[in-house]
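Protein chains in written order, with this note's numbering: chain L, 1 to 357; chain C, 358 to 874.
In case anyone wonders, no lab produced these hints; they're calculated from the structure.
Note that the Cβ used here is the ideal one computed from N, Cα and C, for glycine as well.
You may find that some hints are simply not true.
To give an idea of the chain L side of the interface with chain C (calculated C-beta under 7 angstroms), a few residues [what the hints assert, rightly or not]: (1) V69; (2) P75; (3) G77.
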Amino acid sequence: MTQITLDDVEDLALGAVVLGTGGGGDPYLAKIMLREAISRHGPIEVVDAADLDPDGLLLPIALVGAPTVIVEKFPNGGEAEQVLRALEGHLGRTGVAVLPLENGGMNSLFPLVVAAELGLPCVDGDSIRRAFPQIELTLFTLAGLSTTPMTLADVKGNYVFFDTVDNAMAEKLARACAVEMGMMAVMSAYAITAGEFVEYGANGSLTYCLEIGRRVRAVQRGEPGAYEEFLRYCEAEVVFTGKLVDIERHTTGGWARGTVTLEHLDDPARAMRVEIQNENLIAFEDGEAKVTVPDLITLIDTETAVPMTTENLAYGQRLHVLAMPALPQWHTPAGLALAGPRAFGYDLDYVPFGGAR
Amino acid sequence: MTGLRIGIDVGGTNTDAVVVDSGGLVLAVHKTATTPDVLDGIRAAVAAVLTEVDPAAVTQVMLGTTHPINAVIRRQDLAKVGILRIAAPATLSVPPLADWPSDLADVVRGHVRIIHGGHEYEGSEINPLDEVAVRAFAEECRDQVAAVAVTGVTSPANPDHELRAARIITETLGPAYPVTMGHEVGGLGLLERENSAVLNAALRFVGEGIVNALDQVLRTHRLTADIFLTQNDGTLLAAAEAARKPIMTIGSGPTNSMRGAAHLSGLADAIVIDVGGTSADVGLLVDGFPRVSAMAVEIGGVRTNYRMPDLISIGLGGGTVVRAEPELAVGPDSVGYQLVNRARVFGGDTLTLSDISVLAGRADIGDRDRAAGIAPSLVDAAIGWVDDRIQVLADRIKAARRDLPLVAVGGGAHLIPGSIPGVSQVYRHEHAGVANAIGAAIAEVSGTVDRAFQFSDSSREACLDQAKNAAIDAAVRAGADPGRVRITLVNEIPMAYLPGASARVQVKAVGPLMERR
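Isolated chain L, as found in the complex (with noise of 0.2 angstroms):
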């Protein structure tokens, strides 16, 4: 068992935007609110779901919405505790950890803010290992696990309780709450048990977080031979180094879609096209997909080393493309059926780059 201080609350941060790939918000609102919580609760215990009672539930938690809304109306602190209640009393049982649903963006830190306020531990996990947009991108829809029950509240106290026949009809109605909730809400769903966790879930997420953000940060102040230690670490590549030379966006169809365009710095006639969807999904070198989803594709400073969000990518920024492996579930049939290349729409198959293959 760890304990997330005060101390890490930055750190982790930080991993948040590398496993965000672009998307799940800027991580800051909760920062602070995960500080607040450390602040009037102590800090956050952190279990690994191994050690806990395999029959215990676990109580899954995410923040969904849109992040330009989520920086206006954020939080009244009280819709995790409404949702998470409303869940055991549909099961008539009592969670024993919160359960991360996506580590990535705001959703690496709200989970502890809402294993605070309930005085209940933390995993050391969640469904993913990275951001995607939608419910049913998980690796428990990998291995048959449903989404129901699936509860969704917002600040003003509705909440609504959803049993569906499959996770992505779960997805589509879930989206179409959200809105009318004033695109914020709070979401449990997957509840599932510590011990079904330890088989499907992707264990040691937070802690991968913390210590990818720890890395990060000892790059930021300058230690001798901290980038070769960050990237060892992620397994990541440095597919291509260049100047943001230019930034289209665009929203169809509730994504934030876009193309980003990077000249290479010793050698102009290389250039990179990062296609975002919400997230960082497929890097082009001269037409050619270098990285692909589900692997990550994360943008980061190269004089800062600030992992960059996609709302704050502008002209002139000098990047490093890093990509990361996926976990390996992700890589299997089903994993790339469900979140590969053809998964977001593009007319390609998924392509291994060196750290995934």
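Given chain L's structure and the hints, the job is docking chain C onto it.
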């Protein structure tokens, strides 16, 4: 002659004043050291430039000053603020000032309340405004605070609750308690906007003080000119507005310098390097305005959503110390404002980049003979160091590979070489040392819109037009010549993760001031 403008820039080291005519021609220039009581420097600079022109011809005075930022940094002269957030039940998880440095929060925090109200992203009410709670809040503030900040959820899209709450507070407490509304001082991002509103309210005495003092200075010279302060984006705020919204003027220095460079060079797209005594700042002019940073800036440790010029700074200035032993080492330390007595060419004993510049034939300042005896190889090596750094700086700020012109400004501009790889031409100007005051003098007025719009594809153009017209109207209200207002920024940021075409739209319109009379 009529229509003269005085531009004043108060920096950390110098207070500069210039007079320009309505065509932008520089008629008088004065540079003086910034004084402990900043107004003494302003008084001296204004007196000096007025000896060179007919004071009766001066119709406008523009000031860019570090007063407000210093007040925040030193936690001095700040007012206690009553803080009202219109949001409940949303946002209760993070109270106002949660992320502030505790010493600053302790100075500023008066009475705090979060009440029911606020709007959804599309402008509808989350809850009706709790008017009873607003009145109660106002009563609780009486005699406890000196100013009030009111911030409502999504107020940039719908300011109705902020306006109504402000009216109730003024009705209850009277005009002696100025009210800052979030939508007047910030865009989307509740915490950042609330921070800006609270800082603005805390600066009420500073804002009023600057405007009143400048007014006094003008009275002593019997000037009846209109007073403006320059804002962070390089455009102007009229005196009465500036006294109400000092936060909007808090970072205008670098912007003024770059706007001055654009004016002196006549270039709209260029690299600008401002070489001072200690550091060199490089920025990029795009369409005559500085390119702004993608990152939100902090003011005295408080996060805001203001965008400041995107600058890269390095330790390279006229006062940067050069050491020959054991091997060539340049800076990062500098003799700073003591350059005029400590540099070799000025009779001092410290070898500086100014000495190197004189020996390399780039500058003609001080007495060259006093620096004689420095090995030519050392001069070559040091000037080579400078040229490498300048080249890297110029390249780093550029967005694309094509060559761009470069404007050299600041007191140490002589250090910049005449030819730089990647730079098409280096522009210099005799008044480059006071580019910041010139930037203030030639500043224009602006109007901005920053709010969320919902549009289907067919209505997108109509929404953008609506935003543009609102920005143009705001610029004209601020004093712009209606016939010469232009749109300088249209930024459309789609909202991720949910259906329906919604976007945050930021538009800015800018135009020259209407001539008085």
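Could you tell me which of the numbered hints above are not met by this structure, giving the numbers in increasing order?
-> The structure conflicts with no hint, since it agrees with every one listed earlier.
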